[in-house]
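Read top to bottom, the protein sequences are chains V and D. Take the first sequence: its letters are residues 0 to 529, numbered as in numbering that gives the first Met the number 0. Take the second sequence: its letters are residues 0 to 529, numbered as in numbering that gives the first Met the number 0.
One thing to keep in mind: the hints can contain errors.
The list treats identical chains as one, so a pair stands whether inside a single copy or across any two.
[Claimed, not checked] Only pairs whose alpha carbons sit at most 27 Å apart, straight line, appear in this in silico DSSO-like list of lysine-lysine: (1) K432 x K139; (2) K387 x K314; (3) K432 x K447; (4) K314 x K352; (5) K529 x K432; (6) K139 x K447; (7) K352 x K370; (8) K387 x K414; (9) K139 x K529; (10) K414 x K447; (11) K447 x K387.
Rather than coming from a laboratory, the hints here were simulated on the basis of the structure.
Number of protein chains: 2
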Amino acid sequence: MSLHGKQIIGLETLSGESDETFFGLDPRTGESLPTAFHEATADEIDLAVTTARNAFDSYRQTTSEQRAVFLETIADGINALGDVLLERASAETGHPLERCAAERSRSVNQARMFAELLREGSWVDARIDLADPGRKPISKPDVRSSLAPIGPVAVFGASNFPIAISVLGADTISALACGCPLVMKGHPAHPGTCEISAGAILRAVEKCGLPSGIFSMVQGRGHEVGIKLVQHPEIAAGAFTGSLAGGRALFDVANSRPSPIPFYAELGSVNPLFVLPGALAERSGRIAEGFVNALTTGVGQFCTNPGLVFGLSSKDWEQFSQTAAGEVSRYTPQTMLHSGIHHAYLSGVESLKTSTDLELVSESRQTPSPKKAEAGCYLFRTNADGLKANPGLYDEIFGPVSTLVECNRPQELEKFAEQLDGSLSASVHGTEKDLQIHRRLITILERKTGRLIFNGYPVGLEVCHAMHHGGPYPASCHSHFTSVGTRCLYRFVRPICYQNWPQSMLPVELQDGNPAGIWRLVDGERTRDK
Amino acid sequence: MSLHGKQIIGLETLSGESDETFFGLDPRTGESLPTAFHEATADEIDLAVTTARNAFDSYRQTTSEQRAVFLETIADGINALGDVLLERASAETGHPLERCAAERSRSVNQARMFAELLREGSWVDARIDLADPGRKPISKPDVRSSLAPIGPVAVFGASNFPIAISVLGADTISALACGCPLVMKGHPAHPGTCEISAGAILRAVEKCGLPSGIFSMVQGRGHEVGIKLVQHPEIAAGAFTGSLAGGRALFDVANSRPSPIPFYAELGSVNPLFVLPGALAERSGRIAEGFVNALTTGVGQFCTNPGLVFGLSSKDWEQFSQTAAGEVSRYTPQTMLHSGIHHAYLSGVESLKTSTDLELVSESRQTPSPKKAEAGCYLFRTNADGLKANPGLYDEIFGPVSTLVECNRPQELEKFAEQLDGSLSASVHGTEKDLQIHRRLITILERKTGRLIFNGYPVGLEVCHAMHHGGPYPASCHSHFTSVGTRCLYRFVRPICYQNWPQSMLPVELQDGNPAGIWRLVDGERTRDK
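Isolated chain V (complex conformation) (with noise of 0.2 Å):
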């Protein structure tokens, strides 16, 4: 397959016009894949949110239903990509085919479940309060509102998940569901992977006959092009999944502009696991073995990789220790993402070794390869002393490397959750028991975090109602809202309220009849009755 290695700007516009270009690498290899890509020029983003924008007055006034056959459009044409998305992806990325091909099928449920839930459409949260003229001492309006789109998104994926969680992951499919236009970011690390994936969509999009400018996509290796994005006036939001400076960054941007506009990031996170000691006593050895195994998923370049682990001193826990370091060390290095990832992981991993108090337990046998970009796995160990020493410890190195705290008190497992930043995920390894024993330190926990986990590992995320991912600063920079399940579409969409306006004129979901049949909120009561 060809690239063009072009700005993407609707249906009509392909836009190369800088000369500054750059290229996919090839982790495993340092080497450059097939086609330049050339720069988005400020023009080139302009007209890309312009031509959203005017996209937005149309789309937004699409039926659920037509959205629905457009998601799953979109479904049925990632499939139709075929092996040449798995191969690029893989080139760009090293994840290994099999890995490409189970984050395909993620990003084609995803857009079936949204399908399902626009089809079902309750999700719009519409409210009647009825009028009531006679009321004293003043009449009561009608009064009704429900969630509609708040207007063009800027989307920025992610790299270490170049296809469910980039082009055709949760921010673009949410996006699209709601009736928001969006302009993606390509991702400099998978350039080529971003511009096969867009293909599904744009041919989606002329499928169903929608308007044109609801798709776009700029690529640029430099901060530039997502800076000039996020301060478009026109764009009405963003998302983002990546680096805590990176989100950081960009959140600082859209709250400077003169306009403000929600910038919905998912930063970092050290995921800490807590093995408590009935657990412990039970099968220290099977936790353990868990554990790194989470630890090393993706080459531990998970956003929910446990980056702590905490215990109480005992038998139990050293043989927990024992365990885990023999399975870090049998851990064959693997190639991450891209240079920029491997050189942060290698300079983390050797602040940590040239740390006091800080022990290195265990690292993979094997020497991984810096030409092929590969980590080793790597197993500290510290205590309070350790802890209080290095508090860097606290903040999220990414990649395959964890630190066992072992702490001599729960009084003191309880000032380390306290200690903690947000965090996405908290895993609890425990009997009943020993949540009972440690319940102040759960309500640490549920306050720090936006996911509490029970005998199980925060890696490998289910994509469903109930799912929250993201929690308190620097998980998410707005802790309401999640970047995956399908409460990620309130991030893109406001409530409009209608006081005693005309049925003719409201949107189908506030209609006296109910015709679209959808849970409402009337007078305050529950019902799908018109």
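Following the hints, put chain D in place on chain V, whose structure we already have.
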């Protein structure tokens, strides 16, 4: 009633460390009212927030029923304050007593409405996706989530509703309803009203045996107290109603924290009126009367005050203008909230008077008394050229002044609508046929506003489930959220997700038996079943 003028820190502490004090002023006389209020010090602010934070873990574990009773106790307590509250509010704001009584009713009803919502319980958006251990290729975990309180909230009341949008307003009541402790920043223009109001909450905290630290209040005249409050690392969210400059400054503080927090600010709005030909032909006089009545309600000091009126040039429009001019001339000048607002109003009106292409059509016949900080009503008129020459017309002037904009073609109406900033509301007077003809205009207004009103006026918000009081910036800082109506709870909660979590440790709303009998989303189906 004698006031103490000190910071209220939970139930136990009154603190007046600083020698710097200020007084409430009667705007009708400019004279100080009894009691010196101490400016809060950094230590007092820190103590208030720390006390709130320490109360959070136990407060968020109270039951919905406990919090419902608490809100009802506050409602009773507000009524029990008697005339002292109304008299002080009237003295500090110039509002007539009846207006103060109406505000009190709104506060009382609002507290009861939230109590009812808590008892019904479904607002927590409980979601359950059941496990499927046999699913291939990987088993499906049990995932559940619901909304939980975010943490200590900083609340800034509005000057224009000393009872209904201040200490006893929706921000306070909704934060407490969710389970968030709060630290109130008393409004410097009605510090006495704030202190009296706080009494109703404190007595309810005590009576209900709730954690003492869930309510504190700090006073301060300058910006420093508010800034320090928002900067405090233990504050999890802010809520504000007031001026664009003040709100934006605090929004910027909230976002530039090392750990940013949501700052929900409801700011300026011009609330345009569109008077379409069919309606003008039918009832130009009645619309003009209604408009001037809305314009002058509360001396024009409403966030929903209509600052621009658009119509198409015609005899009927001329008639409308003349009737409105007559109503304006008959308006008796009234005292504004305080000298700062009064001066800003005078200077805003003055700048309109000296603008080119802008004609003063009418003003109150009776001369306003500067000593009494009185505002007269002013009505200006312009056209396309004038609007182009005076882009400042799109900015809110707080007070009873409005400008009629005569357009020549429907396309001009659309063009000006497109130029509007985000607005809390837009009102359209028309026949249903007008709406059909001006469909494009309505589409634009839907994009620009939070609430659309047909044949009515924006002032006088209905406090209900469907109400939305917010909109694109600068109407509010995050258009997803409202500051009026039951949806305003969603500002102070975030989802917490539990994966494979033991029943006994789940929040009651997520337990299998559905003991609370609430509506939940179980495997995507809305149900009240167990």
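Hints that the structure is at odds with (numbers, increasing)
Hints that this structure does not satisfy do not exist here, as all of them hold.
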